Every structure is written in C-alpha cells, then in structure tokens.
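Undergrad: The residues making up each chain are set out below.
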Amino acid sequence: MANPKAAFYWAASCGGCEIAVLELGKGLVDVSKKVDIIFWPVALDFKYSDVESMPDKSIDVCFFNGAIQTSENEHMAKLLREKSKTLIAFGACANSGGIPALANTTSREQIFARVYKETPTTDNPNGIIPETKVQMKEGVLTIPEFYNTVRTLDQTVDVDYYVPGCPPVGEQVAAVMSSVVDGKLPPKGAVIGASDKSLCDECKRVKGDRKITKIVRIYEIVPDTVKCLLDQGIICMGPATRGGCGAQCLSANMPCRGCYGAVPGVLDQGAKMLSALSSNFDADTEEDATRIADGVVDPIGTFYRYTLARSLLRRSKA
Amino acid sequence: MAEKIGVYVCHCGSNIAQMVDCKNVVDYAAALPNVTVAREYQYMCSDPGQEIIKKDIKELGLTRVVVASCSPLMHELTFRRAVEEGGLNQFLFQMANIREQCSWISENKEMATERAKAIVGAAVKRVAFQEPLQEKKVPVNPNVLVVGGGITGIEAALQLADSGKKVYLVEKEPTIGGYMARFDKTFPTLDCAACILTPKMVNVAQHPNIELISYSDVTRFSGYVGNFTARIRRRPRYVDEEKCNGCGLCTEKCPISVPSEFDCGLGKRKAIYRPFPQAVPNVPVIDREHCLFFTKGICKVCVKFCPRGAVNFDQKEEFEDLQVGTAILATGFDLFDASKVKQYGYGRLPNVVTSLEFERFSHASGPTGGKIQLKNGQMPQSVAILHCIGSRDTNFNEYCSRVCCMYSMKMAHLVHEKTGAKVYEFYIDIRAFGKGYEEFYKRLLKEDTVFIRGKAAEVTDFAQTPAEKGKLIVVAEDTLLGITRRIPVDMVVLSVGFEPRKDAADLARTFSISRSQDGFFLERHPKLAPVSTASDGIFIAGSCQGPKDIPDSVAQGAAAAANALSLIDRKEVTLEPTVAVIDEESCSGCKICLGLCPFNAIVFDDTKKVSRVNDALCKGCGVCVAACPSGAIEQRNFTDDQLLAEVESACASAK
Amino acid sequence: MESRMEFTYYPGCSLEGMNKAYDQSARLVSKSLGIDLKELNDWNCCGASAYMSIRELRAHLLSARNLAIAEREKKDLAVVCPACYTNLTKTNHYMGEDAKLRRTVGSALKAANLQYMGTVKVRHLLDVIVSEIGESEVRAKVTKPLSGLKTAPYYGCQFTRPLGDYDDKEFPTMLDTLLKWLGAEPVNFPLKAKCCGGILMTTNESVALSLVRSLLDCATQNGGEAIATICPLCHMTLEAYQGNVNKAFSTSFKVPMFYFTQLMGLAFGFSKKELGINQELISSKALLERRLEAR
Amino acid sequence: MSSNYEPKIVGFLCKWCAYTGADLAGTSRIKYPPNVTPIRVMCSGRVDPVLVMKALSSGADGVLIAGCHPGDCHYTSGNVKTIRRFKLLQKMLDQFGVERDRVRLEWISASEGEKYAQVVENMTETLRTLGPLNWDGGKEA
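Residue numbers (the working numbering), protein chains in the order written: chain A, 1 to 318; chain B, 1 to 655; chain C, 1 to 295; chain D, 1 to 141.
The reader is advised that the hints may include incorrect statements.
Claimed, not checked - The list that follows gives simulated cross-link-like pairs (lysine-lysine, DSS-like), each with its CA atoms no further than 30 Å apart:
id : chain 1 : residue 1 : chain 2 : residue 2
1  : B       : Lys340    : C       : Lys180
2  : C       : Lys100    : B       : Lys109
3  : B       : Lys340    : C       : Lys247
4  : C       : Lys169    : B       : Lys375
As the list claims (entries may be wrong) - Output of the computed footprint for chain B on chain D, the stretches with three or more beta carbons under 8 Å from beta carbons of chain B:
id : segment
5  : 38 to 48
6  : 51 to 63
7  : 89 to 98
Unchecked claim - Stretch by stretch, here's where chain B covers chain C in the computed footprint (C-beta under 8 Å, at least three residues):
id : segment
8  : 169 to 178
9  : 250 to 258
For the record, the hints were derived by calculation from the structure and aren't laboratory data. These numbers come from a predicted model, not from an experiment. Using N, Cα and C, we set each Cβ at its ideal position, and we do this for glycine too.
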C-alpha cells in the first residue's frame, strides 16, 4: 500500500505551527517514512502550479495553518480543499483566527496607514500604500488583496478536523500524525489533539478564594507558583480554554492566554471568560465593578486573543 | 430536530384580537419549521380552549405546545396542566405573552402584529429545545413563624395555634399589642381598644402552642417553601423572663424618669419599665441608654428590690435558629411624620398635635388621664381635625390611608363628648366605606361637627382680625362654597396617614419578597392572592401590605393563617425543577461558580474535583450558569440552547 | 481669595435694570466666598412670566439655549432670580425626561450650531452658599455681624416651588439659617413663602395691595425691622408699593428692604455704596445707623 | 436611514421584578413602542454576556437587561453579578464599537410599570436616532 500523501501550508500565520511540526525532531523522520510530503512551501520548494496540476482529492491529508487575511490565503485554502481528501485546520489561526485576527479590532485603512505611513521607521514621503494592481512600464503588477476582516479557515472552506493551539504542542502533534498514519481519525468535525475539559482540569495550582479585588498584570507582581493565578488577580484564560497542552504556560508561572480556544459546547470563548472573571469581582456596587473592570486594559485582546474571528461579533464595527 | 409543535393564539375576547391580527399570527406560525398545527381561539384558558390542546396532542401526536396569550404569570400553570392532561410532560410547553407586553401596550395594529409574530416565533424556536422535567416533592414543616405582634399577628398566631400548629411569634418591641394597644376607642362602635385587645394578648401569652419571642427580630431567613430556617436575634431585656413575676416593684423604685415612647413622649416612664400595665409578656425591660447602672455603673436599686433576683445586667444578645415551614409577616406600619408638612406647624406651633398624641390624651391611662387639654392645661373651646396628612398628597404619599376619615370622626366624637368644644373637620372626601361607617358619619353630622370640604392649606399663628388673636388659624379653600376660609381654633389635630415601616426594605430583603411602588409589601395578586407573596410559603397580612383598619387587619391575619394551614395540611410541596445541574463530564473543577451561589447550593467534590449542585437548596436563579466558563452548568428549562434559540429567533423575525 | 467653585452666572433681565444692586452685591459676596461667577456669554431671556404657558416649546428653546451655552463652559449654572431658576430648571428637567422634547429642542439648537447633552445643573446662589459653602466659611467672613437686626426672611413663591428641592416647599428655612450666620435675627414670618402680588399689580391692584399689606403687617407685627428678599420681583413690589399700601389702608409702613446678598455684604464689611445700598426707594439709612453703626 | 426604521430590541427581563413590571405596564394600559421582544429569565444574573453578543450578532439593534433593584434581588444578589459583568462587558463593547446606548442595564421593580414603559420608549427613541446596527461581523470581508 502506498504511503498517504500529505501537504502542509501556511496562510496568515507566524510560522510557529511549522516549527511545531519540526519539533517532532527525529519523529519527523519516522513520519516521513510513512507519509509522502508532496507540498510544504516552508521546507521545500513547490510552486502553486504544481498543486494546481494535481488531480482533485489527490492529497490524503492537508495540514493548513494560518488565518485567511488575503486573497492569496483564500485562493490557496480553496485550492487545497479541492485537492485534499482531508483538510485539517492546524493551529489557533486556522481554527479561530489567532493573533492575526486581532486585526479585526481595526480596519485595512488603519493598518495600512500605520504600517506604511505612521511608524517612526517608515520612509515613504509619497504616502504610497499597496495597490492590488500597479501599471508599470513593463506591464501590470499584481499583488494579493488584503482583506478588511480576518477569517478562520472554516469560514472560508469546509474543514474536516481541528487541531488547536498556538502552536499545537509537540506530543499532540505527534499523536495527530500517528492517527493520520494509522487512518484512525474520529468523525468529521472533531477537534483532535486536545482535551474535552478546560485547562483547569490539568492545572495543578490550588484554586481557592475566588474574590478578585484588583486585576494585576504579570509584570506588577511576582506570582505565587502554587496558588491559582486568578486568585492573585492575574487574568488566566485557563477556565475558559480547552485543555490538552499540559498547562505549560502555568508551569512557567505565566497565565494561560487561551490559545486552545473555547471548551466544547461554549459558543464564544471571550464572552464566557469575561463572565466567569467578572462574576467573581469583589464588587457590590457599580463604582467598585467599574474600578475593577478598568483594570482589564484591553478586553478584546485579553479575552479574544486567539479567537476573535471565531467570536460572535468577529470584529469591531467598521 | 423533528418536533411536532402546536401553536395556539388566543384572542382573549378582544383584549388581544383588537390590537393583534391573530389570523396573521396563526398563518405566520403555521409556516414555521416543526409547526404541525396553528390555531386561534377566543379564550384559550377556557375549558373548551384547553380541550383543543388536549385533543391535538392526542390526535396529531404533538410533542410541543406553544400558547400565545396573556402573561405566563397569569396562566402558565393552567396550560401546563392542560398539556400534562393531554399526555405530554408539562415542561414541553412555552407561553408567548402577546397581551401584557404586546397588545395592551400598542397603539398600532400593524406593529403589534409584527411584535406578536416575533414573540410567537421565539417561543416556537425555544420550545423545540425544551426537555421533559420532573417536579420534586418535599415535606412541609408544620411550624409557623409569625413576625409582628400587633392585632394582625396576634390573630394569625391564635388561629394557627388553635388548630394545633406550633407558632413562633416574634415581636420587636418589649410587648405585643402594636398600635392598637395605644388607641383609646375604636370606630365605629366606640368600644375601648384595650377591652377587646388585651384578652387576645393574654391568650397569646398562655397558649401552649405559641412561643412568644418578644424584644427580638429576624435577621436571616433562608431555605425554601416548607423548609425555612429563621435566625432570631433576642435582644437582652436584662430581666430574666423565667424568674420575673411582673410585680412591678423594680419600676416603682427606679429613680430615672424619661419620656415614654408609648405615650409619644407626652408622659414619663422609668428606665426599667413595661410600656403599659397590660403588657405581654408582663416582664419589664431595662433601657440601657438611661439606666444608671449602664451609664454610670451605679444604682442597682432594681436588683436590690427584686424579690426573685430576676434582674441580670449580664444578659447578652442571643441568636437562635428556628425551623419553620411557612412564615407570616404582620409587621405593620409607621405613622407619617407630621413635621414634614411644615405649613401645618407641627413641632413649631404649640397645640398642633398628631392623631396618635390625641389618642394618648384621650386614653384613660394616658398622660393626662383621659383629659383632652391644651399645652397650658386648659380645655379647648374649638378643635380642628385635618384629614389626609401625608396621604393623598403627591408631595408625600399618593395613596389614601383608608383609616383616617373614620378615626378623625371618632376623635371628633370624643372631643365633643369630653369637652363640648366646637369641632371642624377639614377633609378632601369622606371615605366611610365599612359596615356601620356611613352611619357613624351621619351621627357626627347630628352632633354638629362642622365638615369643611377642603384640604387645609396651612395652619398659621398670624392673626389678621382681632378674633384670630392668640388662636391657631386653619386656612383652607372650602370647595363647596368656593371661598377661602380662615377658622380660628385652640387645637389642631393632624390625622396622619400610614407609611411602610422604616425597616420594610430590610425585611423585604431578608424574606426575599417585593414591595410595591408605595413601599408596602407586594401581594401576589391584588385581588385573588392578597395575602400571598411571590415567594411560596411567605404570607403577608395587615398594614404591612397597605393601610388597613382593625377589621380588615384581623381578617387578613386569619386569612394568612388559613393559607399557611392549607400549605401545612398538604404535607408536601412541589418545587420548580428549574434548578441548575452540573455535567461532571464537562466540569474541570475551576471553582469559578463556587462563591457565586447566595444559597450555598454548590459544593465541591474534592475526590472527583468537580462542583455539584444541591438541588434542594438551589433556587434556580442561573447565576452560576451564566458564569461557568466550561458551559458545564445548565439551568433546567432555561438552558443555553433554549435561550440562544429564543434570542436568535427574536432578532431574526422581529421587525 | 482663590476661587474654589466655578459657575457660569445667569443674571437675568431684571438684574440688568431695576435690580442692579442685587447683581452687584451677588457678584461681590460670591467673589469673597471663593465662588467664581462667570457671566454666561450672550445669554438670552429665560422665558419667564407668561411665555411658558403660552408658547411652551419656544420658552423651552430659550432656556435650552442658555443651558447649551453653559454646557460649553463645562460648568454648572448659578442664578439668583427664582423665576429664572424655575424656568431653566424646568427645561432641564423636561428635556431629561421627555425624549421627544429632547429631540425637537436638539434639532432647533443644532440650527444655531449648539447642542445640549443635559449635563448642566442649575443652582440658586442661596442654595450654593448655604449647602456648599456652609456655616463655618460664611461665619469666618463675617467681620461686622448684623447684631440683632430683626429681619423678616421672605422667600416668595418660586424659590422652592415647584422645582427647588433644596428646601421645604411650603416653609423654607434656608434664608433664616443664613441670616443667623450673619448675626441677624430672623423673625417669625409665617407668610414667608406667600404671594407678593407682583404679577397681579397691573391687572388687579386692590388684591395685590392687600397681599403686600399683609406681608408688611406680618413682618412688622413679629418685630421685623427690615425684610430680606431673594426675588427681584418680590423686592420691587414690596418696596415700590409701600406708599400705595399706606394710601389705600391708611397705614404708615416704611420697612427697608434688602437683597440677601446685600445683608451678606454688610456683614462681610463691604461699603454700602459697593452693595448698592443707597439706591433704594425706602431708605435704610436710619435703621442701619441705629442698629449697626451706632456701636 | 429609512424613515420607517423600527429598532429591534431584545429584552432580558427577570421574572420577579422586570417581567412583572412590564406586565404591570400592560395591565395599566400604558402605551409604549412595541419594539422589545421580551425574553424571560429567572434572574438578570442568568444573562450570560454570550446571550448579549448573540443578540447583537443576530440582528438586534439594542439589548435591554432589566432586573430587580440592587438589594431587592429575589435571589439576594443575582443582580450584583449582573452589575459586575455589565461593567466589563460595556468596556469590551466600547472596543467593538457598539454604542453604549445600545446595551442597557436597568433596574425595574415589579411595581414600576411606568418606569419600564419609559425605559423602552427612551431606548427606542435613542436607537431610532442611532440607526440600525446591522451587525455583519465582517462576513462581507
């Protein structure tokens, strides 16, 4: 029997998910013995035309990381969907927008203005911003369109499986790989490589008095390593975040940022965490509630750090 | 989800049909997914209306029912019962309120119809997600807590005790008797208040089934219908109730005299005292603020003279928890503070007195021994009685206090009888609605009481004519003659109205009951459930619900007792199953919910590392549900799925 | 003295004319108490007298314009004339409660490039002095106490009615309190909030005069040597018509009248001239000499 | 903005106070705009911010959360939790660009039918001025 054919692709992402695959280390060699990697732009030189010329559904499994932020991302998502039997949203960005989706708190115009005009290091006296088509002497130059709103992979094409995480942790990646190799995948639509309970289930910290009198940021205190961070006033997304990562951040005395996304059955991770957190504010009056709430400097960036594109509102008002 | 939903749109006569195009709503509903049948009918709550539902369930095999009619507060139970009788679980039913919150508030039929469609649509969407639920039955503790020992509470306590139930009667003051104990005569029969009240007070003291807890209050009230726990705070009397035989020697020997609250400060009492001679319990109390032992550490005369060693300065505040199944609040009222109406000069002009002060003057054992007199000791030649002080007045209380007209006329009669003075009554309307009341009014007219129809504008000491010199002049517009009148008199009596007690808000919180806009306790239904509250097992009676005269208060006391008895005799009660449940498979033990439950219904299982809800303690508010970041807690009949479906539909179809 | 409270100040029409002394003394004593009154730029009529009853919306527009200008300054608005207080407060109150009125007035203001968000509080100066500045500060300023000056505190009809909720509506006491702080002796004055007859004087003079007479009667019978006022119209009516009263009822009243701010100014040691105390119709010279300057 | 625009408001009303108060407005035949689709909850404390987001994203122009006055909660302190959540939610909705007037928290007792009517009228009027929310969440990219 021929080895299954695999593809890896990155859209709007940082490359961390690719590193996560490399993190398999020697394991990767084992995988490559059992899987034929036929498309992996980060590691090997492929052209899009190579993919276009493949027959439909000729890729057995495609690991797609990154959110959809440009017309190129979208094009490739659609193309790979056509060519792949199984499409896996790999990593937080493909799953729920990830960090790139925080762009949804602003607009294309503002992003361009900031990046191409306002940053102190920019030297752009004519104020040129990217255009999708530019007429040059030699002909028309085109670049992909930058979208106003970042989307998840499954808001663009049909997705078969979800592997969350920023990036997905090594052991989970290995487990996913071996289930692919063994062809032991759960029913379509499942989240794989993660737990079904929230992170608190695997976090060893002692949860005690849930009265939050003040929100503190991690640089403001030296957190106790035994006590739950929420009890110390540090916003830890753990309670509202799917487990499976082994609470690695917590063991480094850092709060969970929520990269594994919402717990199964929860519609909106950010709103849910907001509710869980604020319900435990030590405030009986509007004044006290406002005072403590003011400690949350950037609510969207805190509660939707990885899931804004997947949230109910998805973006801020244009 | 393939459900078979039946939708029934009620016309409510013309109450709904007049403003909502019911046919249009039915057509809309019929086209909604999962709807098997949609019908309209004149009165869905009528027997034939309910029959339609039952018949459809049986014949069409309906799995869910929506009735679009009045508020669920009106008929939810009616329809639940009909659904159950039709063979479906009663919780597979949803009510769409298109009357109170749609037809009755609208002025535009088209908009009202659109709204009704949105409301019905949301209910249809929601009902598909509803689940069959079983109600839980719990036994009812037969003991009853009665709070307040005025005539209302006394009546309720005696009724219950006579039927063999254990009653805890908690009274804040050192004695029971309430306001009635301070009155002279009662209208319209003019029998003396004490003569009819004190025998009942004695009955309370002696009844084997009544435990009288005086000088105490309820600081906490928790639990649920049939199974409440009341925390009682007993304030120290500094006199041992068991040892004291009420001889009164201590009071006689006490050297300290202070104004008596019972006498509105007009008479004196000692620092160790009984408010009045017939007090029940017949045990004095020491007033810490004035007692020489407590203020200066000296004296102890009472200790020396007490033949039974009952005085005990070491008594401390004590707390006790009582288990009861029901509670009756008969906490009464406050009188309006007349000094708030500055233009009548109460507190500024001598000889302007309140009606309660008048009662004490007129009372044979009051500060003047029953003599009605002016500050200078003389008998008044003329007296004005001003009605509606603080009542029927948008600046103070809008409501009518219901008793002032009658007691004002009683006072007029007493003035007439005891002094022969000329009496003027300044009134807005005479409200003499009770049995024998109108006759009493006629009698007063024959006694030559002058009735001037007009609310007094002011009482002034500025004389404009020689005849007014040295008098109090009552200025009022006589609305029958259409002129302003100035009537000089020697004494002005202000007929003050009733107000909610100052601690009514605290009490309402303690017992989790609501208050109406005027601040009195809110009954479940103004006509059909006048002594029930929205909290099952808690009843209200007498003037804590709104101003009442003695007959009405007594009737309500008895009615509340009957309500409590009916509950007790049912032996068990059903609890709403709308409690929270935690799915242990989803709970990660994050403890977010743990501190949020006001009833301590959530406990943490340390071995399994999950939270769990004690459903007997859970009252189903849903606070923990909204907070659970894992979506592990669901509130039955208010699940996320149900509410999300309702929200989605409300937004989609609303126009 | 450094200013501790800042207000925009709405003098109103009468303080520019007949009652100039009120304006003068109000500014003076406010300043000495650290109340900074900044006259409202380009203020217009408050809409008082009968206008509110005849053209309600337009009257609201007049008041709203004043409020909008005050809001631009981000300060609350101080007034001394009770009629102005009533009208400005009424508009403020109605606009807060009535969304439709808010919209109509809002669009009218917009035409004049103005807007009003409802953030301004209208304050009567007497309320500010008694409730905010308070007893110790006022007493500290008193250098020449009005020792024993028997004064009838006269509030008139609009100081608390219908909207001033800082004092009892029917029997206010704020001015009594202030007079005590100044060392004066407020006399019992049961008619303190009764009608002065001002608005009736042109239409029903005999009734109006009898009202003035009973006020004067009441004040003097209770030992009042002078009357302290809050309202420009009351002040004018009681002062200007004493002669007519004497003629009509064969009485011989000659009761000097003071704005409350003038009495404050005297107690604070300002000169009579600064306070406009020589502009009055009924001379207070003899009284002041007898009571204050003889010592 | 079209002149016949009628704001859609989802009203989360607690059973004990606000819903009863809204019923009272009806029973007293007080007229107010029928723009609220009421959703009955046992306590305002049940109103999960997710429900508010759901309403806004499903096409509501405004959301009204109404419960018992602080201190009067049938469940002692459910509404206190509502206050806590609401303040943070408000802050986050500011970031989303949802105007404060669109999501309101009001205290309405069982006897305040008139207040309920006023709140709805006021809110409807304000939303008419603000115009439709038309939340599409950038689905049009």
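Undergrad: All the hints need checking, so say for each whether the structure fits it.
TA: Now the hints, each set against the structure:
no., hint, in the structure
1, B/Lys340 with C/Lys180, "holds, 22 Å"
2, C/Lys100 with B/Lys109, "holds, 22 Å"
3, B/Lys340 with C/Lys247, "violated, 40 Å"
4, C/Lys169 with B/Lys375, "holds, 28 Å"
5, 38 to 48, "holds (count 10)"
6, 51 to 63, "holds (count 6)"
7, 89 to 98, "violated (count 0)"
8, 169 to 178, "holds (count 3)"
9, 250 to 258, "violated (count 0)"
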